[in-house]
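**Student:** Chains as they are written, first to last, in my numbering: chain A, 1 to 51; chain B, 1 to 228; chain C, 1 to 240.
It should be emphasised that the hints constitute simulated quantities derived from the structure, not laboratory data.
Even for Gly, the Cβ is constructed at its ideal location relative to N, Cα and C.
A few of these clues could be false.
Some, not all, of what chain C presents toward chain B, calculated at C-beta under 7 Å [what the hints assert, rightly or not]:
#1 ILE119
#2 VAL122
#3 GLY126
#4 LEU128
#5 THR142
#6 VAL146
#7 TYR152
#8 VAL153
#9 LEU157
#10 VAL158
#11 CYS161
#12 TRP165
In silico EDC-like pairs for lysine to aspartate or glutamate, Cα to Cα no more than 20 Å straight-line [what the hints assert, rightly or not]:
#13 LYS41/A x GLU215/C
#14 LYS71/C x GLU225/B
#15 LYS41/A x ASP7/C
#16 LYS73/C x ASP135/C
#17 LYS71/C x ASP135/C
#18 LYS71/C x ASP136/C
#19 LYS73/C x ASP44/A
#20 LYS101/C x ASP111/C
#21 LYS71/C x GLU215/C
Facing chain C, a subset of chain A residues (Cβ under 8 Å, in silico) [to be verified]:
#22 ALA14
#23 PHE17
#24 VAL18
#25 VAL28
#26 ASP46
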Amino acid sequence: MSETAMPEGVIVGAWNFVIGGYGLTALVFITYAWSLWRRRKASDRDARSNG
Amino acid sequence: MRTVGQIVALVRKDLLLEWRGRTRGLSVVLFGVVTLLLFSFAVGPDTAALQTGAAGFLVLALLLSSTLALSESFRLEHENHALEGLLLAPVEPVALYYGKALSNTLFLLLLAPILTPVAVVLYAVEISLLDLAEVIGLWGLAAAGLSAPGTLFAAMTSRLRSQDVLLPLLLFPLVVPVMLGSVKAIDLVLTGDPMQQLGSWTMLLAGFDVIYWSLCGVLFTYVVEEGV
Amino acid sequence: MKRLRWDAILGLLGVLLLLVGSYIGLFLAPPDRHMGEVQRLMYVHVPTAWISMLVLTAAFVFAIASIWTGKPKWDAAMTGATEVGVVFGALLTAQGMIWAKPTWGVWWDWDVRLTTTLIMVVLYAGILVLRSFVDDPERRATWSAVAVIVGYVDVPLVYFCVRWWRSLHQIQSSPETVASSMVVPLRINSFAILFIAIWCIAQRARLEMARRRGESVALPPKRAPRTAEIPGTPQGVDNV
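Whenever a hint applies, use it, and build me the whole structure from the sequences.
**Tutor:** Rendered as structure tokens:
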């Protein structure tokens, strides 16, 4: 076997990185969706006050 | 043929204007020299480090000077609505683009015989006259690669409020291939080329030029149609 | 209660699929022989990469359609795809860094894909900035479409050049090295993120259309200044 085949658990704190990656993905999706919603509301408000 | 004639006339007009307003061109050259000087201060008086970075510093000086030159080239056209006059003449948009891109390339190429010797002296690089000619040739390829998208974007941004920020913001990430290619090629000339890679990097750079020049020429027509 | 639109259903489906796919990826799929648990990042990272590329390709197609037809709807779609591409690309870069730290030992490595993605994100973010500075809607549409087209053509050049520049580097994993038990969550998450991306693009495009209608109401119309004052005339209707 090559030396890259390491036994499980050699990477210290592997789960932290995994949780970080998934958490970040969720955070970005939620934040972006929220930003879209907020801009949508602002645009609707503008449309009402103008039109 | 008519288009070629128009391009030649436009380049001649631009070069004549450049010659009459020499101080403007001179200020860009001076800016390039100051940039080269600043890099040596940033790295420190370490000759070895300066030598390894010489090619990169040289191309960065070109890149930074180019934004000044590119936005200047369209600022003049907007004064007194010269651009509208040209389009009404009627000059074809394609001719306008290639004329402008060609004169920008020529102007940036003129920086090379001044900035390269300055860099050679400041960074203590030892090269022969033939190497110097090679560097200037590669600089020309890099200048062409910068001018093609640069002219296109300068045409757009030159009328906007914050053109000074927008042009580099759009242009710099776009010309990363040109920059990588020219830094690598110039570095091979300056520090030796044991693996004979210079030819392939030069071809790569030339290939980028061909792609940019054809693509941007086609797209420029649409930009001008909206009224630059 | 408003009726559910197609994209809302798609978005909800995407979120649901993402939960299912991530659950399988996190808890049911086996850990990788070489990388151990860290490899579970693949189930979000690789789909994000695929969908980011797809979204930017869509932006390129919309840009061509916009420049060709001049219709505002294509411009709106292009804006949506570009913005979603920037957001997903930034996320992709961050995920790549999180994966790089435990496997390569550094947060950043001048890896071909990582570097290309970063340059791409900066490039397209610049186009969004350009849009925000142009007031005339038609000019904004054409200019940003031109920038998107040039940018899209540039991305493979950047990739190729960085690859040459780095010359020595690992080759990306070919499909047969991925075990079949890993394919299922990968596939589910790919569709999930695709649906979420479509939802985001649709929302952003709607917003752009609404803003554009707002602009044509707020600004004095250029062509026929008096028609806006006739009572009963539908205002801001885009019949281009």
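**Student:** Would you mind marking each hint as holding or not holding in the structure?
**Tutor:** Hints and how they fare:
1. This hint holds: ILE119/C has a C-beta 5 Å from the nearest C-beta of chain B, less than the 7 Å allowed.
2. Nearest Cβ of chain B to the Cβ of VAL122/C: about 5 Å, under the 7 Å cut. The hint holds.
3. The restraint placing GLY126/C at the interface with chain B holds, with a minimum CB-CB distance near 4 Å, inside the 7 Å limit.
4. Annotation: LEU128/C was flagged as interfacial toward chain B, and the flag is violated, the nearest CB pair being 10 Å apart, outside 7 Å.
5. At its closest, the beta carbon of THR142/C sits 5 Å from a beta carbon of chain B; the interface hint therefore holds under the 7 Å criterion.
6. This hint holds: VAL146/C has a C-beta 5 Å from the nearest C-beta of chain B, less than the 7 Å allowed.
7. Of the supplied interface hints, the one on TYR152/C is violated, with its beta-carbon coming no nearer than about 10 Å to a beta-carbon of chain B, more than 7 Å.
8. Against a cut-off of 7 Å between C-beta atoms, the interface hint on VAL153/C holds, since the closest Cβ of chain B lies about 6 Å away.
9. Because the closest C-beta pair between LEU157/C and chain B is about 4 Å apart, less than 7 Å, the hint holds.
10. A least Cβ separation of about 5 Å between VAL158/C and chain B falls short of the 7 Å threshold, and the interface hint therefore holds.
11. Proximity of CYS161/C to chain B holds as hinted, the smallest CB-CB distance being about 4 Å (cut-off 7 Å).
12. A least Cβ separation of about 5 Å between TRP165/C and chain B falls short of the 7 Å threshold, and the interface hint therefore holds.
13. Between LYS41/A and GLU215/C the alpha-carbon distance is near 16 Å, which keeps this suggested pair within the 20 Å criterion.
14. Restraint check for LYS71/C and GLU225/B: the C-alpha separation of about 15 Å stays at or below 20 Å, so the hint holds.
15. About 18 Å separates the Cα atoms of LYS41/A and ASP7/C, which keeps this hinted pair within 20 Å; it holds.
16. Restraint check for LYS73/C and ASP135/C: the C-alpha separation of about 18 Å stays at or below 20 Å, so the hint holds.
17. Distance restraint check for LYS71/C and ASP135/C: the Cα-Cα separation of roughly 17 Å lies within the 20 Å cut-off, and the hinted pair is therefore satisfied.
18. Our distance criterion of 20 Å between C-alpha atoms is met by LYS71/C and ASP136/C, whose separation comes to about 14 Å.
19. Straight-line distance between C-alpha atoms of LYS73/C and ASP44/A comes to about 18 Å, which keeps the hinted pair within the 20 Å bound.
20. Proposed proximity of LYS101/C and ASP111/C is supported: the alpha carbons are some 13 Å apart, at most 20 Å.
21. For the proposed pair LYS71/C and GLU215/C, the alpha carbon gap of about 16 Å is at most 20 Å, so the pair holds.
22. Taking 8 Å as the C-beta contact cut-off toward chain C, the hint placing ALA14/A at the interface holds, the least distance being around 4 Å.
23. With 8 Å as the threshold, the beta carbon of PHE17/A comes within range of chain C, its nearest partner Cβ sitting at about 5 Å, so the hint holds.
24. Here the hint on VAL18/A is kept, as its CB sits about 5 Å from the closest CB of chain C, short of 8 Å.
25. Against a cut-off of 8 Å between C-beta atoms, the interface hint on VAL28/A holds, since the closest Cβ of chain C lies about 5 Å away.
26. This hint holds: ASP46/A has a C-beta 6 Å from the nearest C-beta of chain C, less than the 8 Å allowed.
The structure fails hints 4 and 7 (numbered hints given earlier, in ascending order).
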